[in-house]
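Visitor: Here is what each chain is made of, one letter per residue.
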Amino acid sequence: MAKPRLAVFKFASCDGCQLSVLDCEDELLAVAGAVDIADFREATSSVLEGPYDLTLVEGSVTTPEDLHRIQEIRAQSKMLVTIGACATAGGIQALRNFGDVAEFQKAVYAHPEYIKTLATSTPIRDHVTVDFELRGCPINKFQLLEVITAALAHRAPNVPTESVCIECKRRGNVCVVVAHGTPCLGPVTQAGCGAICPSFHRGCYGCFGPQDTPNTDSLTKNLERHGMSPLEVQRVFRTFNSMAPAFRAAGTAAVAEGAKT
Amino acid sequence: MTERTIAVNYLARVEGEGALRVRIHDSKVEECELKIFEPPRFFEAFLRGRSYREAPDITARICGICPVAYQMSSCNAMEQALGISITGAVRELRRLLYCGEWIESHALHIYLLHAPDFLGYPDAIQLAKDHPEAVQQGLALKKVGNALMTLLGGREIHPINVRIGGFYRCPSREELEGIRPDLVRALALAEETVRFAAGLTFPKIEEDYEFVSFRHPDEYPMNEGEIVSNRGLRIPVTKYEEEFEEVHVPHSNALHSVRRGGGSYLVGPLARYALNHDKLPARARAIAREVGLEPVVTNPYRSILVRGVETVFACEEAIRIIDAYRPPPEASAPPPAKLGPSVGAGASEAPRGLLYHRYRLDSGGLIEEAKIVAPTSQNQKRIEDDLRSLVTRSLELDEAALTNMCERSIRNHDPCISCATHFLHLELVRD
Chain A
1 MAKPRLAVFK FASCDGCQLS VLDCEDELLA VAGAVDIADF REATSSVLEG PYDLTLVEGS
61 VTTPEDLHRI QEIRAQSKML VTIGACATAG GIQALRNFGD VAEFQKAVYA HPEYIKTLAT
121 STPIRDHVTV DFELRGCPIN KFQLLEVITA ALAHRAPNVP TESVCIECKR RGNVCVVVAH
181 GTPCLGPVTQ AGCGAICPSF HRGCYGCFGP QDTPNTDSLT KNLERHGMSP LEVQRVFRTF
241 NSMAPAFRAA GTAAVAEGAK T
Chain B
262 MTERTIAVNY LARVEGEGAL RVRIHDSKVE ECELKIFEPP RFFEAFLRGR SYREAPDITA
322 RICGICPVAY QMSSCNAMEQ ALGISITGAV RELRRLLYCG EWIESHALHI YLLHAPDFLG
382 YPDAIQLAKD HPEAVQQGLA LKKVGNALMT LLGGREIHPI NVRIGGFYRC PSREELEGIR
442 PDLVRALALA EETVRFAAGL TFPKIEEDYE FVSFRHPDEY PMNEGEIVSN RGLRIPVTKY
502 EEEFEEVHVP HSNALHSVRR GGGSYLVGPL ARYALNHDKL PARARAIARE VGLEPVVTNP
562 YRSILVRGVE TVFACEEAIR IIDAYRPPPE ASAPPPAKLG PSVGAGASEA PRGLLYHRYR
622 LDSGGLIEEA KIVAPTSQNQ KRIEDDLRSL VTRSLELDEA ALTNMCERSI RNHDPCISCA
682 THFLHLELVR D
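As they're listed, the protein sequences go chains A and B. Its first residue numbered 1, the first sequence is counted upward by one per residue in my numbering. Its first residue numbered 262, the second sequence is counted upward by one per residue in my numbering.
These are calculated hints, taken from the structure and not from any lab test. Possibly wrong hints are sitting among the right ones.
[To be verified] Straight-line Cα separation of at most 27 Å, DSSO-like style, residue types lysine-lysine; simulated pairs:
no., chain 1, residue 1, chain 2, residue 2
1, A, Lys-3, B, Lys-390
2, B, Lys-500, A, Lys-106
3, A, Lys-116, B, Lys-632
4, B, Lys-632, B, Lys-642
[As the list claims (entries may be wrong)] Okay, the calculated beta carbon distance ranges per label pair:
no., chain 1, residue 1, chain 2, residue 2, range
5, B, Pro-497, A, Arg-155, 56 to 62 Å
6, A, Asp-126, B, Gly-349, 47 to 53 Å
7, B, Glu-507, A, Leu-67, 26 to 32 Å
8, A, Arg-171, B, Gln-397, 28 to 34 Å
9, A, Gln-71, B, Thr-348, 51 to 57 Å
10, B, Glu-504, A, Arg-69, 38 to 44 Å
11, B, Arg-621, A, Ser-229, 18 to 24 Å
12, A, Thr-129, B, Leu-461, 45 to 51 Å
13, B, Val-552, A, Thr-129, 49 to 55 Å
14, A, Ala-249, B, Ala-661, 53 to 59 Å
15, B, Arg-430, A, Ala-30, 32 to 38 Å
16, A, Thr-161, B, Pro-497, 46 to 52 Å
17, A, Arg-69, B, Ala-401, 33 to 39 Å
18, B, Glu-506, A, Arg-155, 53 to 59 Å
[What the hints assert, rightly or not] Selected chain B positions facing chain A (in silico; Cβ < 7 Å):
no., residue
19, Ala-306
20, Gly-325
21, Lys-404
Cβ coordinates follow ideal geometry from the N, Cα and C atoms, glycine included.
Given only the sequences and the hints, what does the whole structure look like? Please build it.
Guide: Rendered as structure tokens:
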């Protein structure tokens, strides 16, 4: 029987999420043995034509060419999984969506006319049907292995959508908010990283985007009680997952609320 | 008059997306452009209005392969702006974190990206079918680098523990001692890596490079030093922009960096090694001698050996730091008592070479202006010069062989197009 065909494609991103595949040092050769790697340019010069059984997409859509490319990739893919905050929520480069991209081009490049770019950075789901979205900036490589394994076994991946708080408690951490008054996005952020920041005495900064039932209004008040200004609250929601609907709304509300008080 | 065209749509085994166009007219290379069409992400624009404290985490996202480099250079620049100096155990821990990134990034490049070129494989997975020990050795080495970054930084990609002034939490001695046996093993693996690389066959090519890197009086450079070159340049980081300028060319979404009034230059392992060979510790120097590696390497294909020697150094240095470690009294310097308008420049040695940051802050500590010069933007013009020289002397090769040589020539410098911006599409036109 032919092995399932795996493809990995990149859009606007830092390459970190696809690097997570190569960071599975103990599992890489086993994964590579279970599939035919059809297209993965960061790792191989060998390219096979589609269709693909499992396609991993890293990065957000930011150029006119990419609008077409994502459609072609979707048409060739039985199952399409986005990996990481860029592909799932626009990524850090989506901060352009709150600014003026023409002015951004002038600020960075001497000849903005050489640059072809869209005014927005958008997640993959805004353009095509996505079968599963794996969160994180970057993704957790063990969750990635779970997604690949599940796809090969034709079952749903086991990726919890609970909050970082649950992970933090399981890890036995002392709550940084309660014990130290450190502002923390843990209550509204999806688990998956392993509650790393609180383990290092730092507040969560939201790499995995909103958990499934985030109470951002309540958290905003809590962040302000712990000394953050409305603009600081807005910035913390507008970082790596600013296009995730709950964080997007919370970022806007933070300053609107602040203006009232 | 003949016209020949070679096209590769997407350069593989580099980080990011780029293309190349070479035009040959009457056996003369008329045009040689490394096109970078990685979509621009505008970091320098959206950093404006963000707090100085956010720069390490935001700029880390420029590159998933070398996030520590971005964290270090941004901290160095911000700390210069704010008058914070980093000394003692915190300084050593930053160096230790950087050792993790050097080990991880160099092992990735040596085994997964570069070695397949020398042995005639499309990738390390195919390579592993015939040479399983070599690839497993590479993965084991890479894993120790990642483990060190995870121990100090919380995770290997976009570590979370770096802040302006130091760290959120410093490890205990016991935690560091726990990873020491892995580093001892990694040191041996790194030495084997150099021996493995020494057994490869190298094209006989020497280039005349202007090498640029940090140089420090007491150590092989990472976070601190003067910027020097083999052509007499010697400046503090704060004078960087007086000596180097960025030029925007039509074929690239990355800015080219050149010496003002001069030409291309090279940053990265070849440059660091040539300018700091005398600062390597004993084992790194011994392995270089054992495999007959000269103190200045000008054959870019032999950069795989230099990366190997630097990996030996990074393992050796990590062990030294762990053995001398006493936790600092505070994980981080206190935040500045008073913020005011200020400017700070800082750099560090990313695995791929010197990474420069400069920030201007307003009276509230918000970024008003940011400038970031990635190693690959500095090397881009030099990579084009390498290609020009290669194509000029290899005109007799057929298209497939020439294309292959061009791609290899680019990979010699481990370009990170994500950093420089990104996409390699190779197109060769002969007319």
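Visitor: Quick one: are Val-552 of chain B and Thr-129 of chain A within 49 to 55 Å, going by C-beta?
Guide: Holds, since Val-552 of chain B and Thr-129 of chain A (Cβ atoms, about 54 Å apart) stay within the stated range.
Visitor: Return holds or violated for the Cβ distance of Arg-621 of chain B and Ser-229 of chain A against the range 18 to 24 Å.
Guide: This hint holds: roughly 21 Å between Cβ atoms.
Visitor: Return holds or violated for the Cβ distance of Arg-69 of chain A and Ala-401 of chain B against the range 33 to 39 Å.
Guide: 36 Å, holds
Visitor: Is the shortest C-beta separation between Lys-404 of chain B and chain A less than 7 Å?
Guide: Interface hint status for Lys-404 of chain B: holds (4 Å vs cutoff 7 Å).
Visitor: In this structure, is the beta-carbon distance linking Thr-129 of chain A and Leu-461 of chain B contained in 45 to 51 Å?
Guide: 46 Å, holds
Visitor: Kindly confirm whether 53 to 59 Å is satisfied by the beta carbon distance between Glu-506 of chain B and Arg-155 of chain A.
Guide: 56 Å, holds
Visitor: Does the CB of Ala-306 of chain B sit less than 7 Å away from some CB of chain A?
Guide: 4 Å, holds
Visitor: Taking the CB of Asp-126 of chain A and the CB of Gly-349 of chain B, does the distance hold inside 47 to 53 Å?
Guide: 49 Å, holds
Visitor: Could you tell me whether the CB distance from Glu-504 of chain B to Arg-69 of chain A stays inside 38 to 44 Å?
Guide: Hint holds: Cβ distance 40 Å, inside 38 to 44 Å.
Visitor: So the hint says 28 to 34 Å: do the beta-carbon atoms of Arg-171 of chain A and Gln-397 of chain B match that?
Guide: Holds, at about 31 Å.
Visitor: Quick check on the hint: Gly-325 of chain B CB to chain A CB, less than 7 Å?
Guide: This hint holds: Gly-325 of chain B lies near chain A, its Cβ roughly 2 Å from the closest one there, short of 7 Å.
Visitor: Mind checking the hinted window 26 to 32 Å against the Cβ distance between Glu-507 of chain B and Leu-67 of chain A?
Guide: Holds, at about 29 Å.
Violated hints are absent here; each numbered hint is respected by the structure.
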